[in-house]
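Chain B: place on chain A using the hints.
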Amino acid sequence: MKIEEIEKEIAEEFSLFDDWMGKYEHIIELGKSLPLIEEKYKTDDRLIKGCQSKVWLHSKTQDGKIFYSADSDAIITKGLVALVVRVLSGHTPDEIVNAKMDFINQIGLTQHLSPTRANGLVNMIKQMKLDAFAHKAKTV
Amino acid sequence: MIVKEKHITLDVMKIRKDFPILSRKVNGNPLIYFDNGATAQKPKQVIDTISAYYTVQNANIHRGVHTLSQEITAAYENARATVQKHIHAKYSHEILFTSGTTEGINLVANGFSKKMVTAGDEILVSEMEHHSNILPWQQLCEEKNATLKVIPINETGELLLDEFKKLLSSKTKLVALTHVSNTLGTINPVKEIIRFAHSKNIPVLIDGAQAIPHLKVDVQDLDADFYCFSGHKAYGPTGVGILYGKEEWLRRLPNYQVGGGTIKTVSFKKTEYADIPLRFEAGTPHIEGGIGLAAAIDYINEIGLQVISDYEHELTIYANEKLLEIEGLKIIGTAKDKASVISFVIDKIHPYDLGVILDQLGIAVRTGHHCTQPIMDKFGVAGTVRVSLSFYNTKEEIDTLVKGIIKAKQMLK
Chain A
21 MKIEEIEKEI AEEFSLFDDW MGKYEHIIEL GKSLPLIEEK YKTDDRLIKG
71 CQSKVWLHSK TQDGKIFYSA DSDAIITKGL VALVVRVLSG HTPDEIVNAK
121 MDFINQIGLT QHLSPTRANG LVNMIKQMKL DAFAHKAKTV
Chain B
1058 MIVKEKHITL DVMKIRKDFP ILSRKVNGNP LIYFDNGATA QKPKQVIDTI
1108 SAYYTVQNAN IHRGVHTLSQ EITAAYENAR ATVQKHIHAK YSHEILFTSG
1158 TTEGINLVAN GFSKKMVTAG DEILVSEMEH HSNILPWQQL CEEKNATLKV
1208 IPINETGELL LDEFKKLLSS KTKLVALTHV SNTLGTINPV KEIIRFAHSK
1258 NIPVLIDGAQ AIPHLKVDVQ DLDADFYCFS GHKAYGPTGV GILYGKEEWL
1308 RRLPNYQVGG GTIKTVSFKK TEYADIPLRF EAGTPHIEGG IGLAAAIDYI
1358 NEIGLQVISD YEHELTIYAN EKLLEIEGLK IIGTAKDKAS VISFVIDKIH
1408 PYDLGVILDQ LGIAVRTGHH CTQPIMDKFG VAGTVRVSLS FYNTKEEIDT
1458 LVKGIIKAKQ MLK
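If you read the protein sequences in the order shown, they are chains A and B.
Under the working numbering, the first residue of the first sequence carries the number 21, and numbering increases by one thereafter.
Under the working numbering, the first residue of the second sequence carries the number 1058, and numbering increases by one thereafter.
Keep in mind that the hints are not guaranteed to be accurate.
Here are some, though not all, of the chain B residues that point toward chain A, as calculated from beta-carbon distances under 7 Å [stated by the list, open to error]:
no., residue
1, HIS1407
2, TYR1409
3, ASP1410
4, VAL1413
5, GLN1417
6, GLY1425
7, GLY1440
8, LEU1469
Dumping the calculated DSSO-like pairs for lysine-lysine here, alpha-carbon to alpha-carbon at most 27 Å [to be verified]:
no., chain 1, residue 1, chain 2, residue 2
9, B, LYS1405, A, LYS74
10, A, LYS52, B, LYS1460
11, B, LYS1387, A, LYS52
12, B, LYS1206, A, LYS74
13, B, LYS1464, A, LYS74
14, A, LYS52, B, LYS1405
15, B, LYS1464, A, LYS43
16, A, LYS69, B, LYS1435
17, B, LYS1435, A, LYS43
18, A, LYS69, B, LYS1405
19, B, LYS1470, A, LYS74
20, B, LYS1452, B, LYS1435
Note that these hints are calculated values from the structure, not bench results.
Idealized CB from N, CA, C, for every residue including glycine.
Next comes chain A alone, as it looks inside the complex:
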């Protein structure tokens, strides 16, 4: 599936919830499904510094595609991280670098991208794109 298709799928999934509670319960459930980062990768150099919740991110390449795994100490952040990983993981560096990530806005979670939220999500997306860029540079 292309990045835009996964984004659309997530938007449809969230359109089922008509109140904030359902939406957040779903995010919390998603957090539990996140492919956890291997303990050995939960190191300080993989830590994305948000002010309040910690996010660890690891990326690897396979057949020209990038695969991410991640974790967070806060469960809502973990759910948001799971969504982003689901959208970007398994794509080529070019696709990842160019991804618009409009779904966050579409499902009404834009406020989580505000820097004052301090949940590390903005920095995580930035780091994922940087990783993709670095992989791309290596292969050129």
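What follows is chain B alone, placed relative to chain A:
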């Protein structure tokens, strides 16, 4: 003259009408504002003062001969006198307008770095300080090859006074201490601490940011050498604060920022500087901030700080009891003498997650380390949830908070 305030109870519903923001909704729910430690909401008396300034009073101060400038200069200097009376300073020239507590501390640290501290000297702070009362001193110590010493706290969040006494030495140049902890709520026995430091001829700076909104502060009674606070935490505007300094100390401090307003005469060969306080107030000041702060002080005094502090105390006891009924909730900071700040953690729940859910319910709390990372290290937590109460909060709001926390717990388990 100290007037004993009458024992009257506070009419909270009437007071809430003075704060326009309290009638707004957040995420579809009535706003419940429990982040007063970060900044307090503003009564319409303060908003109207700022609005009137720009509508009919705007001019620069200390300069023009024209009527507007004369009027606003008088209003600004009256504001200084209002602050002087409020904290019972001896002279109005001991009151410096700053941009906030942080600038006040930096101004003093800058002066001590230039003139008072040399290699091998010591500055004493406490383990419960806000970063703003650590970093200026840490930087000073790095610059001057001096040592930053730290007064430890116990498990309830109280200063260890015996340790404090042992830490004072002939090398100590200053003690910088918070009056009320922004994270733990502890009210420190600053008068006793100042008295002891003075017995060794050591000056004391008090960070009063969290004390001024809640307690009657008398700088002469405390005998503080420096006392600083912010306007915005005391129902006034942001971007304005006060540094009180005893006249003798302000005269000893070298210039901080220099520029327009700080001089008597200027030539390229020699500049003669103005007297205190103007010597420290370079550039056009935050004029509406100053008069807005005075309006906030008048507002508080009209209600009465004793009445405010009695009501907040009652609310704090109620919140404490109700919160402790929640399973797995632990309060961080249980000092005997506490202001209306309650920090807590809940088993297996990240403060950030709780903050997000409470926000959905319209409840504003603070989560994280509250700019006091050493306290988080001391208590072995990554962060806390902080509820800081004001006299416009109600018991009903606390009940809603408790229900919200229980709901969040169910969702997050």
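Here's how the hints hold up against the structure:
1. HIS1407: holds (4 Å)
2. TYR1409: holds (4 Å)
3. ASP1410: Holds, about 5 Å.
4. VAL1413: At 5 Å from the nearest chain A Cβ, VAL1413/B passes the 7 Å test, so the hint holds.
5. GLN1417: holds (5 Å)
6. GLY1425: holds (4 Å)
7. GLY1440: holds (6 Å)
8. LEU1469: This hint holds: LEU1469/B lies near chain A, its Cβ roughly 6 Å from the closest one there, short of 7 Å.
9. LYS1405/B to LYS74/A: The hint holds at about 15 Å.
10. LYS52/A to LYS1460/B: holds (25 Å)
11. LYS1387/B to LYS52/A: The given pair, whose Cα atoms are some 26 Å apart, holds under the 27 Å limit.
12. LYS1206/B to LYS74/A: violated (30 Å)
13. LYS1464/B to LYS74/A: holds (24 Å)
14. LYS52/A to LYS1405/B: Holds. LYS52/A to LYS1405/B sits at ~14 Å (cutoff 27 Å).
15. LYS1464/B to LYS43/A: Answer holds: LYS1464/B to LYS43/A is near 15 Å, not above 27 Å.
16. LYS69/A to LYS1435/B: holds (21 Å)
17. LYS1435/B to LYS43/A: Between LYS1435/B and LYS43/A the Cα gap is close to 36 Å, so the pair fails against 27 Å, i.e. violated.
18. LYS69/A to LYS1405/B: holds (21 Å)
19. LYS1470/B to LYS74/A: holds (19 Å)
20. LYS1452/B to LYS1435/B: With a Cα-Cα distance of about 31 Å, the restraint between LYS1452/B and LYS1435/B is violated, given a limit of 27 Å.
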